[in-house]
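Whenever a hint applies, use it, and build me the whole structure from the sequences.
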Amino acid sequence: MSTATDLNRPAAPPAFQEINASRRFKNRLATILVGGTFVLALAPLVWLLITVIAKGFQHVLNADWWQKSLAGLTSRQFGGGVYHAIIGTLLQGLICAVIAVPIAILVAVYLVEYGKRSRLAKAVTFTVDILSGVPSIVAALFIYALCITTLGMPRSAFAVSLALVLLMIPVVVRTTEELLKIVPDELREAAYALGVPKWKTIVKIVIPTALSGIITGVSLAIARVMGETAPVLVLVGYTTFINYDPFGGSMASLPLLMTSERLTTNEVGEARVWGAAVTLILIITVFNLLGSLISRLTSLKTK
Amino acid sequence: MSDSDTVGRPGAPGLARGPRGGAAPDTAPEAPISTPKGSGGTPTQPPKVITRPGDKIFKALTVGSGVFVVAMIALIGIFLLIQAIPSLADNQANFLFGRDWDADPEGGLAFGVLDLLLVTVFSAVFALIIAMPVSLGIALFLTQYAPRRLARPFAYLVDLLAAVPSIIYGLWGAYVLAPALSPISTWLNENLGFIPLFATGTSNLAIGQTIFTAGIVLAVMLLPIITAISREVFDRTPSMQVEGALALGATKWEVVRTTVLPFGRAGYISASMLGLGRALGETIAVLIILSSTTSHFGFSLFDGGDTIASKIARAAQEFNDPRGAGAYIAAGLVLFVLTFVVNAFARAIIAGHKEYE
Numbered sequence: 001m002s003t004a005t006d007l008n009r010p011a012a013p014p015a016f017q018e019i020n021a022s023r024r025f026k027n028r029l030a031t032i033l034v035g036g037t038f039v040l041a042l043a044p045l046v047w048l049l050i051t052v053i054a055k056g057f058q059h060v061l062n063a064d065w066w067q068k069s070l071a072g073l074t075s076r077q078f079g080g081g082v083y084h085a086i087i088g089t090l091l092q093g094l095i096c097a098v099i100a101v102p103i104a105i106l107v108a109v110y111l112v113e114y115g116k117r118s119r120l121a122k123a124v125t126f127t128v129d130i131l132s133g134v135p136s137i138v139a140a141l142f143i144y145a146l147c148i149t150t151l152g153m154p155r156s157a158f159a160v161s162l163a164l165v166l167l168m169i170p171v172v173v174r175t176t177e178e179l180l181k182i183v184p185d186e187l188r189e190a191a192y193a194l195g196v197p198k199w200k201t202i203v204k205i206v207i208p209t210a211l212s213g214i215i216t217g218v219s220l221a222i223a224r225v226m227g228e229t230a231p232v233l234v235l236v237g238y239t240t241f242i243n244y245d246p247f248g249g250s251m252a253s254l255p256l257l258m259t260s261e262r263l264t265t266n267e268v269g270e271a272r273v274w275g276a277a278v279t280l281i282l283i284i285t286v287f288n289l290l291g292s293l294i295s296r297l298t299s300l301k302t303k
Numbered sequence: 001m002s003d004s005d006t007v008g009r010p011g012a013p014g015l016a017r018g019p020r021g022g023a024a025p026d027t028a029p030e031a032p033i034s035t036p037k038g039s040g041g042t043p044t045q046p047p048k049v050i051t052r053p054g055d056k057i058f059k060a061l062t063v064g065s066g067v068f069v070v071a072m073i074a075l076i077g078i079f080l081l082i083q084a085i086p087s088l089a090d091n092q093a094n095f096l097f098g099r100d101w102d103a104d105p106e107g108g109l110a111f112g113v114l115d116l117l118l119v120t121v122f123s124a125v126f127a128l129i130i131a132m133p134v135s136l137g138i139a140l141f142l143t144q145y146a147p148r149r150l151a152r153p154f155a156y157l158v159d160l161l162a163a164v165p166s167i168i169y170g171l172w173g174a175y176v177l178a179p180a181l182s183p184i185s186t187w188l189n190e191n192l193g194f195i196p197l198f199a200t201g202t203s204n205l206a207i208g209q210t211i212f213t214a215g216i217v218l219a220v221m222l223l224p225i226i227t228a229i230s231r232e233v234f235d236r237t238p239s240m241q242v243e244g245a246l247a248l249g250a251t252k253w254e255v256v257r258t259t260v261l262p263f264g265r266a267g268y269i270s271a272s273m274l275g276l277g278r279a280l281g282e283t284i285a286v287l288i289i290l291s292s293t294t295s296h297f298g299f300s301l302f303d304g305g306d307t308i309a310s311k312i313a314r315a316a317q318e319f320n321d322p323r324g325a326g327a328y329i330a331a332g333l334v335l336f337v338l339t340f341v342v343n344a345f346a347r348a349i350i351a352g353h354k355e356y357e
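Chains as they are written, first to last, in full-length UniProt numbering: chain A, 1 to 303; chain B, 1 to 357.
If you're looking for bench data, these hints aren't it; they were derived computationally from the structure. Please note that a few of the clues may not be correct.
[Said to hold, decoys possible] Computed spacing ranges between beta-carbons, pair by pair: (1) Gln58/A / Val121/B: 36 to 44 Å; (2) Thr186/B / Ala43/A: 40 to 48 Å; (3) Pro183/B / Gly36/A: 36 to 44 Å; (4) Ser118/A / Leu96/B: 44 to 52 Å; (5) Thr150/A / Ile195/B: 28 to 36 Å; (6) Leu61/A / Ile85/B: 51 to 59 Å; (7) Ala54/A / Ile129/B: 29 to 37 Å; (8) Leu290/A / Ser295/B: 14 to 22 Å; (9) Asn191/B / Leu61/A: 45 to 53 Å.
[As the list claims (entries may be wrong)] Under 8 Å between C-beta atoms, here's a sample of chain B residues computed to sit facing chain A: (10) Gly54; (11) Leu80; (12) Ser166.
Glycine residues also receive a C-beta, built at the ideal position from the N, C-alpha and C atoms.
Given below as structure tokens:
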């Protein structure tokens, strides 16, 4: 009895044919190409970050960099810092957020809770889509045409914030809408069953449930608008002095400082530009991390 | 009215969703609750709808915000148009077909947007041609090829490309990438210069402030945008189709080619259109990279020049005369209309596909 050998031998010839060479080759080639594109995409990211850090990191290590402005320094003097520009960037970003976030959340609430499939809701969705594609320079020109030529306001940081509002609203509406949609209906129904008015249900139940995600979305959006350059070019003047007043006078910001100092073609200008680039990236990183940190702290405790 | 949105869900009147008040599901049918008041003659008494002032105010606020956003897009168009008209009326050149830009109000306005428009579209399309296949590959890699556990961090890395501000792309492109590309562009120019695309342009190849460099930087900026949307669509390929293809003995690539790509094609094209819209409007990176020139655009990748956005930004600090500024606002209006059309087209493609939702 040779059972062992009988068991090992297939009863019928295999149904599965070997994949022929050309198909195998195509499959291999596709895998390599697809993997290659990913590496290709990471190359510029790594290259860019290395460049910025190599050229700028040494300058931000100085404590003066974070505490002083460039006031009184000529384009040939090293020293000073970008405190004035950091203040400007943060101020403009925060004013923008204060205006844009409530509007955007209300729009998202309208879309999810009230509008449903009404004609206005469709129009709003379409507009938000279009608004998210409006180039920042067009938003800046619009604010220029509205505030500065028509209303006669001076160029100011506040005008910049208004232009940034246009860029921020669609981003926040999108994330908030997605988050409100996934709040379970049972929560709303439970609140209605207890006789809670609809608006209170939304404010006290629906939004808090989605809040941690909304905060992450908002901080990502702030980080994004703080790097915008076109609005600051059009709507506010550059200064080397510290200015806390968003309604009057020139105010520096990191992108504006970079575009202005870029024209200083010596080592000093270079140091300022790349130092500011590192600073901007650091601030954006901090906002991104802050967003996820706050959202972790405020997220509902679920077990 | 506000009551009916919550109780009478269209399409699912008799499903498990209980009516307000937690009534047992076997009591009176729901229909009378959401019956509009005007219908008249309903046997059961319509329930008394309590509208609280808070509800009214809150609803008004949300509707108001919605209307505000819709009005905003109209206002952008209207205000740009109003500001552009006086300058357009004074314009001594043909605005749409003129190729020279002179917005200095001193000597009389004579500005034509054609050259700017051509450079804008040319550089954006060049960027798109580079970015489309690469982002297709990345999206496929992240959804089909990458190990499950690594797909998320890898996607995060690609998204980081979108987090870098465009001014930093511009600086990197102009001061690091441009010199590095100079041997390639010189080679292309010397060996393929007979093709108009690679003909000697108005920009110095050694410095590299060309549309070639700008296009490549733009392409890098488009990668995360196109990838993000394509990825989402590819992820929704019905697993039945994928498994069916596998059961028929398809290789990985054949699965992708026969199920993932046909399913995601529309989403991918839409994503690319959105990317195109982004590339058309990109300002500061292009401004830093391109050298401005007075000669006409010659359809070469090695030309300098200005896109609409970079031209506006270049002149922005001197917007003191309203007529001069009006010329740039007119150009901005052209850009607005262009991106509007491209974006609306992109959304229309995806709106026609219900399976993506």
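Consistency of the hints with the structure:
no. : hint                            : result
1   : Gln58/A / Val121/B: 36 to 44 Å  : holds (41 Å)
2   : Thr186/B / Ala43/A: 40 to 48 Å  : violated (21 Å)
3   : Pro183/B / Gly36/A: 36 to 44 Å  : violated (22 Å)
4   : Ser118/A / Leu96/B: 44 to 52 Å  : violated (38 Å)
5   : Thr150/A / Ile195/B: 28 to 36 Å : violated (49 Å)
6   : Leu61/A / Ile85/B: 51 to 59 Å   : holds (53 Å)
7   : Ala54/A / Ile129/B: 29 to 37 Å  : holds (31 Å)
8   : Leu290/A / Ser295/B: 14 to 22 Å : violated (49 Å)
9   : Asn191/B / Leu61/A: 45 to 53 Å  : holds (46 Å)
10  : Gly54                           : holds (5 Å)
11  : Leu80                           : holds (6 Å)
12  : Ser166                          : holds (7 Å)
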